[in-house]
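Peer 1: Add chain B to chain A, keeping to what the hints say.
Residue-level listing of the chains:
Protein chains: 2
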Amino acid sequence: MDPINRITVIAPVNIAVIKYWGKRDEKLILPINDSVSVTLDTSIMCAKTTVCSRPDFSENQLWLNGIKTSFSNPRLLNCLEKIKHIAADQQSVDPAVLSWKIHICSENNFPTAAGLASSAAGYACLVTALAKYYKIKTDLSILARIGSGSACRSVFGGFVRWHAGVNSDGSDSRATQIADSSHWPEMRALVLVVSDNKKHTSSTIGMMNSVKTSDLLKYRAQYSVPKRTDKMCEAILKKDFAKFAELTMKDSNQFHAVCLDTYPPCVYMTDVSHKVIEIVHAYNDMCGEIKVAYTFDAGPNACLYLLQPDVARVLTLIKHLFPSSSPDFVTGLGDIEETETELLKSFPIQPQTKDVIKYVIHTKVGKGPEVETSHLLNEDGYPLNVRQ
Amino acid sequence: MDPINRITVIAPVNIAVIKYWGKRDEKLILPINDSVSVTLDTSIMCAKTTVCSRPDFSENQLWLNGIKTSFSNPRLLNCLEKIKHIAADQQSVDPAVLSWKIHICSENNFPTAAGLASSAAGYACLVTALAKYYKIKTDLSILARIGSGSACRSVFGGFVRWHAGVNSDGSDSRATQIADSSHWPEMRALVLVVSDNKKHTSSTIGMMNSVKTSDLLKYRAQYSVPKRTDKMCEAILKKDFAKFAELTMKDSNQFHAVCLDTYPPCVYMTDVSHKVIEIVHAYNDMCGEIKVAYTFDAGPNACLYLLQPDVARVLTLIKHLFPSSSPDFVTGLGDIEETETELLKSFPIQPQTKDVIKYVIHTKVGKGPEVETSHLLNEDGYPLNVRQ
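Note that the protein sequences, when read in sequence, are chains A and B. When the first sequence is numbered by my numbering, its final residue is 388 and no position is left out of the sequence of numbers. When the second sequence is numbered by my numbering, its final residue is 388 and no position is left out of the sequence of numbers.
Derived by calculation from the structure, the hints in this document are not laboratory data. Check each hint, because a few of them may be wrong.
Pairs involving identical chains hold if they fit within one copy or between any two copies, as the list cannot separate such chains.
Below, computed lysine to aspartate or glutamate pairings styled on DMTMM-like, alpha-carbon distance capped at 25 Å [as the list claims (entries may be wrong)]:
id	residue 1	residue 2
1	Lys275	Asp196
2	Lys198	Asp271
3	Lys212	Asp240
4	Lys345	Asp169
5	Lys275	Asp355
6	Lys239	Asp355
7	Lys367	Asp94
8	Lys358	Glu234
9	Lys199	Glu289
10	Lys137	Glu81
11	Lys243	Asp230
12	Lys291	Glu379
13	Lys227	Asp25
14	Lys82	Asp56
15	Lys275	Asp215
Same shape as in the complex, but just chain A:
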């Protein structure tokens, strides 16, 4: 342990291409089906967490995005307890250290308001930081899963599969890497952040209602997803983009279909989300092959997957169809010189009202969690930046 007892880790966001929806165990967060995701580059989007414990701390404290937050979150407490338990078993640190109170400070480098899977990056980051802090050796994906289901996929870079598992203790419900971040270097993602004021059903509540009320969910979990997951892994390993994209779109649609089959229905996509779907299909039709895939999580934002050579054309199209008053409409890997205007003239869909898409994050496949040297807690164990 360093003299001032701090560990800082960054962890990536992941966006599923085969969706996780429905738990068979609420407490252990065990899913009813496998899922597959792509881990996105931490240089564009990441969570960052510093942990620090000292004998003189009087209580556990938590700061999230610069705001002091209650520590009494059952999932957080559960993760911390499990990790300390493993550390005690493995005798990985001096037993005294385990009795000290802890300070945790965590931030996302992207707006949480964007509705992007921030809890996945957050819990992957937290458990990695704690595991390193207490020097334990264990399957981090299982620990991250206990914090937030899909977080288990953020402990690996590249392309990741979360195996639903069959054991009732969750010991086989873990993530494995299908291929690392260097496997398919042309893969890009464009996250289209949709302007939206609507309050959505939280995914925890939504899933619970789906499991309780949707006939179609059972069929999806038992028949559709297993077949699709195998095909998806194959498409990734073969770098078959058209297949990867088709499976991604079909699975996103089926996940939202199950949400709609829930009673009362959970609706996450808006008219703008559906316009993006229409645009992607029209673009692929025009190209005569599948060049872009869309996928939507439990919110209206679209994540488009595409290959690097198509980014310029697709960004040009998006900027044309979703006019924006923002000077920083495209962020991340950055904007790309517009090269083509022919496409825009003949495209069958007209430009939409201004600013229905807030901004676009241009990113790529990235690595798993990594240790950082710049901390969020000072040498006394208090946040360097606190929002009032």
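Peer 2: Leaving out everything else, chain B in the frame of chain A:
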């Protein structure tokens, strides 16, 4: 046959509470599952058709809503041919009459642009008029089905079930009446016509794509609908509104879920449709029991089912939440004195932008097709009203 050889029939619109989606035979229009509908009062919405044939007509002619339209519609030709075939078999009219060309004039008394199931009323009306004209005795629901699947349900009043059947010739794919129009006199419908410029996938194309691509459709047709249909018939016979309403909402949502699971997805509901769903669930929650059901066909318009004592409150709420600049916002059975304002103050959903709902048709359960004495064709067999 009257001296001037004219028969005029009016026929009702029906709105399904268990949806028809997917054919097992495109030509014969045989569905993959049973469906159930409510027939709506012809005094509010109906199709009206006059047929007339004469030895001196040189060609078959068709006028739809005052506009001369090509007769070479395969479904129309198919219906006419089948009916003439039966008439020849039954020797119901002089064989010469069957050789005469025919004039058909048909109108809806409601805007077709409203996207309301006008083809169901239209084909039920046409086959009833032709059957009466040629004096045949046959199952009209089977003939109407050949014109437009759901039209088979419009040949009866009240509550109607279309049996999918199993025979490959369609001889058992017919409608029967569950209960007549006097069975549940309190039942009312409010059709909310949503402003919408979007072009939707036609239901014929949509169904075909769903059958081809949706895994969930197979499960719906085989497992969900049969159970639900039996429960629906029971709820209707027992006049159990809460059960009727719950099944109606679940089935509408599942039908749209299957549309979304189609590749590429068929999307018929808009943000406004989903807002209506949210309002109905919030209203029912507030009442502590299910007082209103929503159902959506292949378009954004909502049909709400409710009982007469609740109409005033629900219309007051709709007018508050969907402000309109139209002086005739509520049509049909008419508007109702607003009695309550307490509800509006505490309702958890805010009023929407003006005019997102164009108008509301207030109607009730009605009878099947009936003969009328005021014709659409004059004594020479030409339309009384023709639009230029």
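Peer 1: Evaluate each hint against the coordinates.
Peer 2: Hint-by-hint comparison with the structure:
no. : hint             : result
1   : Lys275 to Asp196 : both (14 Å within a copy, 14 Å between copies)
2   : Lys198 to Asp271 : both (12 Å within a copy, 11 Å between copies)
3   : Lys212 to Asp240 : between (36 Å within a copy, 23 Å between copies)
4   : Lys345 to Asp169 : neither (58 Å within a copy, 49 Å between copies)
5   : Lys275 to Asp355 : both (14 Å within a copy, 22 Å between copies)
6   : Lys239 to Asp355 : neither (35 Å within a copy, 49 Å between copies)
7   : Lys367 to Asp94  : neither (32 Å within a copy, 84 Å between copies)
8   : Lys358 to Glu234 : neither (35 Å within a copy, 50 Å between copies)
9   : Lys199 to Glu289 : between (36 Å within a copy, 24 Å between copies)
10  : Lys137 to Glu81  : within (15 Å within a copy, 79 Å between copies)
11  : Lys243 to Asp230 : within (12 Å within a copy, 41 Å between copies)
12  : Lys291 to Glu379 : neither (50 Å within a copy, 62 Å between copies)
13  : Lys227 to Asp25  : within (23 Å within a copy, 28 Å between copies)
14  : Lys82 to Asp56   : within (23 Å within a copy, 92 Å between copies)
15  : Lys275 to Asp215 : between (28 Å within a copy, 24 Å between copies)
Comparing the model with each earlier hint shows violations of hints 4, 6, 7, 8 and 12; every other hint is respected.
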